[in-house]
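Participant: Residue numbers (our numbering), protein chains in the order written: chain E, 1 to 60; chain S, 1001 to 1319.
Hints listed in this document are in silico derivations from the structure and should not be mistaken for laboratory results.
Keep in mind that the hints are not guaranteed to be accurate.
[To be verified] Label-pair ranges, simulated between beta-carbon atoms:
(1) A34(E) to Q1022(S): 20 to 30 Å
(2) S28(E) to R1287(S): 52 to 62 Å
(3) K1091(S) to P59(E): 43 to 53 Å
(4) S1041(S) to L49(E): 49 to 59 Å
(5) L1115(S) to I16(E): 24 to 34 Å
(6) S28(E) to R1097(S): 12 to 22 Å
(7) K51(E) to A1266(S): 23 to 33 Å
(8) L18(E) to F1139(S): 27 to 37 Å
(9) I16(E) to F1142(S): 49 to 59 Å
(10) V35(E) to V1146(S): 25 to 35 Å
Glycine included, C-beta positions come from ideal geometry on N, C-alpha and C.
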Amino acid sequence: MSIGLVMDEPNKDDGIVLTEAQKRARRSRSIAIAVSLAVLVVLFYVMTLVKGPMILIRPM
Amino acid sequence: MSLISEGAELRDQGLDIQALAQPSLASAGDYIALLKPRVMSLVVFTALVGLAVAPGSLHPVTAFTALLCIAVGAGASGALNMWYDADIDAKMTRTARRPVPAGRVQPGEALAFGLTLSVFSVVILGLLVNVLSAALLAFTIFFYAVVYTMWLKRSTPQNIVIGGAAGAFPPMIGWAAVTGSMSLEPILLFAIIFIWTPPHFWALALYKTEDYARAGIPMLPVVAGEVVTRRHILLYTLLLVPVGIAPWPLGFASALYGATSVVTGAIMLLLAWQVFRERRPVERACRNLFAFSILYLFLLFAVLLVDRGWGGLIARIAA
Chain E
1 MSIGLVMDEP NKDDGIVLTE AQKRARRSRS IAIAVSLAVL VVLFYVMTLV
51 KGPMILIRPM
Chain S
1001 MSLISEGAEL RDQGLDIQAL AQPSLASAGD YIALLKPRVM SLVVFTALVG
1051 LAVAPGSLHP VTAFTALLCI AVGAGASGAL NMWYDADIDA KMTRTARRPV
1101 PAGRVQPGEA LAFGLTLSVF SVVILGLLVN VLSAALLAFT IFFYAVVYTM
1151 WLKRSTPQNI VIGGAAGAFP PMIGWAAVTG SMSLEPILLF AIIFIWTPPH
1201 FWALALYKTE DYARAGIPML PVVAGEVVTR RHILLYTLLL VPVGIAPWPL
1251 GFASALYGAT SVVTGAIMLL LAWQVFRERR PVERACRNLF AFSILYLFLL
1301 FAVLLVDRGW GGLIARIAA
């Protein structure tokens, strides 16, 4: 076995190596989670401004 | 179906168990598909009408929060439905391309997604709007995911009659978000959607009978046959038309709504009559009824929104 061939093969110690499609899918999910978290932060911030101290009161 | 038995069930279905250990190929779009966006849009629209026609005031940001939570809650119940129904979805042409049966999203991922969104939507609605609307949203999710999906759908031809309640709750939730209470008017909006659901879905089931039969779902056309289903469609439409008109004589809506509900109700009746009388092939009449039933519900609620809600919404935003 040549050295070049060995270097091209993924090392077993690297664990699971993602394919390009899997990387794209993961990036797409990560962006969606980031956007969702940002929306939640903005929502809580704006609702606190809107309601003021009333934010702590839970009406029926 | 439980998470523990998921692997065994997938193996029984002939799916690749090794796929469970592979990194996910699901994109954000697949997760959005789990939320059933088209169903969600109707839910948001009817909830908006409930919110807009309710007496009292609600800050626009609070109203937006309520609608967002209702939309996410509806989407969560859709994800739970797709998790539980993956086996029968795979057998039906209409649903085989959904993310779970297509293998892009694993069942456990859909379950976790649905449960997380359910909890978030209910808790946020309760904390930021009010407790009654949050309780109604929680009950709606439970009703759709457990009562309809897990119990009724596979066990009785009356599945969509009773299960239709889940789709009828959103205007009540919208109303409760503003008032924190219930009254006859939101119950009437509930009744319109509740009675509208059976003829709407049975029209679809009539031309997708083979699909439902292959999946083993006891829809009325599968169990009782075409003739009985056609008769039921006509009977429910006969019930729907006066209920659709009712907000006008009861003083909840203007003559514009009255005229719209009478004209569109007459068209619904005509199409239901065509389905009832049509000899084979019945597909065209059913497709016409199915398509118009969506327009019917949209028009009734749109006129109510313009009639009762639009002025109120503008006043609230101005205030």
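Participant: Each hint should be assessed against the structure and marked as holding or not.
Facilitator: Okay, the hints, checked on the actual structure:
For the pair A34(E) and Q1022(S), the beta carbons lie near 24 Å from each other, so the given range of 20 to 30 Å is met. Checked against the hint of 52 to 62 Å, the pair S28(E) and R1287(S) fails, with Cβ atoms roughly 36 Å apart. Checked against the hint of 43 to 53 Å, the C-beta distance between K1091(S) and P59(E) comes to roughly 47 Å, which is consistent with it. Between S1041(S) and L49(E) the C-beta distance comes to about 29 Å, which lies outside the given range of 49 to 59 Å.
The beta-carbon spacing between L1115(S) and I16(E), approximately 26 Å, falls within the hinted interval of 24 to 34 Å. Between S28(E) and R1097(S) the beta carbon distance is about 19 Å. The supplied range of 12 to 22 Å therefore holds. Judged by the Cβ atoms, the range 23 to 33 Å given for K51(E) and A1266(S) is violated: they are separated by roughly 47 Å. At roughly 41 Å, the beta carbons of L18(E) and F1139(S) sit outside the given window of 27 to 37 Å.
Taken as a hint, the range 49 to 59 Å is violated for the pair I16(E) and F1142(S), whose Cβ atoms sit roughly 37 Å apart. The beta-carbon spacing between V35(E) and V1146(S), approximately 30 Å, falls within the hinted interval of 25 to 35 Å.
The structure fails to meet hints 2, 4, 7, 8 and 9 from the earlier list, while all remaining hints are met.
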